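Chemist: Quick mapping for you: the protein sequence lines, in order, are chains A and B.
Per my numbering, the very first residue in the first sequence carries number 1; after that it's consecutive.
Per my numbering, the very first residue in the second sequence carries number 1; after that it's consecutive.
It should be emphasised that the hints constitute simulated quantities derived from the structure, not laboratory data.
Remember, predicted model here, so these are calculated numbers, not experimental data.
One thing to keep in mind: the hints can contain errors.
[To be verified] Taking lysine-lysine and the DSS-like style, the derived pairs with C-alpha atoms no more than 27 Å apart in a straight line are:
| hint | chain 1 | residue 1 | chain 2 | residue 2 |
| --- | --- | --- | --- | --- |
| 1 | A | Lys66 | A | Lys105 |
| 2 | B | Lys43 | B | Lys315 |
| 3 | B | Lys315 | A | Lys24 |
| 4 | A | Lys77 | A | Lys65 |
| 5 | B | Lys71 | B | Lys43 |
| 6 | A | Lys24 | B | Lys71 |
| 7 | A | Lys24 | B | Lys218 |
| 8 | A | Lys77 | A | Lys66 |
| 9 | B | Lys218 | B | Lys327 |
| 10 | A | Lys138 | A | Lys168 |
| 11 | B | Lys75 | A | Lys24 |
| 12 | A | Lys24 | A | Lys77 |
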Amino acid sequence: MRSSSPSIAHSTLGYLGSMLSGMKTILFSMRATLPYLLGRGEQQRQVTEQYPDPVSSRSAEDLPKKSRGLLYNDIDKCTGCGECVQTCPTQAITMLAEPGATADKRWVSVFDIDYGRCIFCGLCVESCGPASLDHTRKFELAGGSRAALVQSFGSGEVTDGQRKKWLKLREMEEEDF
Amino acid sequence: MGTATLRVFGIEDPLVSFSLIVIGILFFLIVPGTIALGFLDRKLGANLQARIGPNRTGWRGILQPFADFLKLSQKNGSASFGSGELFWMGLALFFLFSNIGVVPFSRHAVLFDSPLALMLPLLLLLCFSFATLLLGFGQATVNGWFGGIRGIAQSVVGLLPAMTSLLALSLQTGDLSWANLIQTQSDGIFSWNAFSNPFLGLASVIYLCAGLVMLGLKPFDVSASRIDLHGGILSQMYGRRLILFRLLRGYGFLLWVVMTVHLFFGGWSLPFALDGVVSDLGSIPLSMAVDIGVLGAKSAILALFVFWVAKVNPKPRADQVTDFTWKYLASLSILNLLAVLLWKGFVHA
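In isolation and in its complexed conformation, chain B is listed as follows (with noise of 0.2 Å):
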């Protein structure tokens, strides 16, 4: 499906096709989005606190990824990397290019399915968990060891809450497949599978909630706290890694958002069965740009609502998030599987 997209513009073989829809996501949607949560955070995360936040560089301070982009490439660091930081950067740049193709952006750019295509993002981030824990290993500080023993330890609590939450999702559309969850969600609102089941919109949260234990994200992020660890994981990352790090960690965070909108709020289908219309609409491109533009807004405002909760709330303690995790995710999870289960029974029956 995907690489019918660009005979489009004219291209035939499918590796250059497959490889410029990887490289268009990539620069596209990826980057842009990164940054644009990284403002976003900054700002909003301003506004709720009562400051004012960037307004020194562009219109509001817009221009201010940027400029701290430029800061921080001119700051050198030492040239050579440990061994552990090398892990690091390959398998995070394996997990950054490999759920690019198995992520759809639009339904004409599908590059990849299977019964069990809905499970490999998640494995791709457990392997983007792990290199966390290298890069902590990696920087020979007690610090970063203590961060990077914290990062493991949450994708360890993280990944049953996340894994139980994906089945009982399995059990309402039957399989794992990406056409299976599309062709699901595509009659309205209540076809998404968070409001076509009262236990799925709870298992939405929980999704949601062990993904951002797993990855360490905001307001999860103990692995890198500041006030024990004095920085954890980024005490040694500066310059060119720290431009890195951010990136690999905001598009986590995106494609973690992205996810969860697939999984239970109908990707990019509109709210009003209005996907004959969008899939009518006879102009692959403008197709495309509608597919992205919806799931970009329902990503966006889930993204708040993270944001939002973040900032308001008082950071959790590394032993905090793990009993959380462990007491009321996992938990939570397994019984939401039984409810979804006998909630299928019962109407079907």
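For reference, chain A alone in the conformation it holds in the complex (with noise of 0.2 Å):
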């Protein structure tokens, strides 16, 4: 009848052989790092993407093409239409619009993004039909409160008699049309 059961000596041998293999192991480890160690690594230093900051003398610029950082609302260009809003995920948007001086262009009062909300997701810029609201590459918005994390793009509150002006001005833009 066989035995199945090793051999002393073969189990002798795969001890050895099992602690050979391990200091072989981290002596080819040692050996391939020892060039790192000594700062000539073919790659040193190339796996940490470093802080735009002074010291590593790297910039907003050096941020990848499509990075979304905050965002900015030309509100001269801003029609007031209300898609961003909609669109947005968080509802981090708010906006106060009301008819303006001509037919075609509504007053923006309002216009505050919450960055506490926001998750730089893109979809409002994306929806944005006169392009007014876009990515700025800026990324350093870290406040004492979270009232310092709402930007305001808004033109401000109007008073009722521009209100009535522009409620004029429109009727003759009617009347002249």
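Hints in hand, dock the two standalone chains.
Modeler: Here's what the structure looks like:
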């Protein structure tokens, strides 16, 4: 009858073999990384993507081309259509618009973006018809309060007197038309 | 011998001089040494992994440990300590201060000696390992509990090879006293235990690895594993507690490396039989500075090898650590003990 248990010699050789294999692995790994220890590795320091600041001499321009930074709304181009408000998945945009001096232009009194909610998905930029809303390359907006995270682009409140003037202007425009 | 040093500085009271030496070692050797080790670990580790590492605080990030200290010291965390954490702090601090007194850093500062003096650091390390168990249990979380269990399992398995390597050394030196150890290694590099007997060279590797396993240090730090234990015993450590934890762990590593250098690599003795020159310098402070410098340089080289191996090899699992220790370190250490005995008999015959 054949014995199925390995012989002592076989077990000992296996034991020594695994020990040598482990030592070989460690020595090979040390040999491969010796140039890196001496600062001469081929990929030395390439793995780390440094933060853009004076220490690294990198700037916002070194960020990837399609980086989605803080938003900017050119309020003069903005028509107040509200598409961005509807599209935003986190309701980060607050907008108040009313009829302006002309029929085709609305006055955007309030346009606030709350970066406490914004996830920088870029859907608002994609949905903006007049292309007034876009990403910038700025990325630093840390503040000391939640209020500091809200960025405002609105043109400000309008007085009742101004509203009446605009109403008259629109009526005159319609009559001309 | 140690108190004779401070008579040079005019202090006669042995208790005062002993206390000053201990305080001096703590604040001028251990704390800076731990800080330096921590910084080198990060910087060398970054080099080896093709990263940059700390580079913002000071020249090449050299002030990073101080920035970390400032950051952590501002985080208070919960005000109350659990009973396990209190035990851990008490035992760990006992270990820290006791070992300062029993491990010499210079020939003029051997504060304590006896035929079994070399066993003391090992036994005190066991207290430290037991303290880690209490820390894990005291955290009242599953992660901490398992981290503590792993820590004590490592201590148990690491103890046998460490003790056996020490016994192998005692066969060479005759006993386990500092005086004998220093005497036998003061005649150049080939009188150092690791090089005077090939099996003691193997014992030095076993002793070093066993100590790292016992203390749960890299690359065997599975009690603080992030992958499966979400930090283990570290999961509840933050703020000032983390500073103390890191200091103690760093000191444990420093101590073990210094012990390995003392036991197997000549301690503060210079490689070309220049010990006589150092002894004849005529100035105790200068001689102490040379001793500490040599011991520090050797410890730094040994620490570098440990960092290197830890950073460029995969981290082992908990079961792999215990398997490695039982199957390889423990069995090799016992065979090595026999081999040292046979070698000594053969050489003397």
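Chemist: Compare the structure with each hint and give your call.
Modeler: To see whether the hints hold, each was checked on the structure:
no.	hint	result
1	Lys66/A x Lys105/A	violated, 31 Å
2	Lys43/B x Lys315/B	holds, 19 Å
3	Lys315/B x Lys24/A	holds, 17 Å
4	Lys77/A x Lys65/A	holds, 24 Å
5	Lys71/B x Lys43/B	holds, 19 Å
6	Lys24/A x Lys71/B	violated, 42 Å
7	Lys24/A x Lys218/B	holds, 20 Å
8	Lys77/A x Lys66/A	holds, 23 Å
9	Lys218/B x Lys327/B	holds, 20 Å
10	Lys138/A x Lys168/A	violated, 42 Å
11	Lys75/B x Lys24/A	violated, 45 Å
12	Lys24/A x Lys77/A	violated, 68 Å
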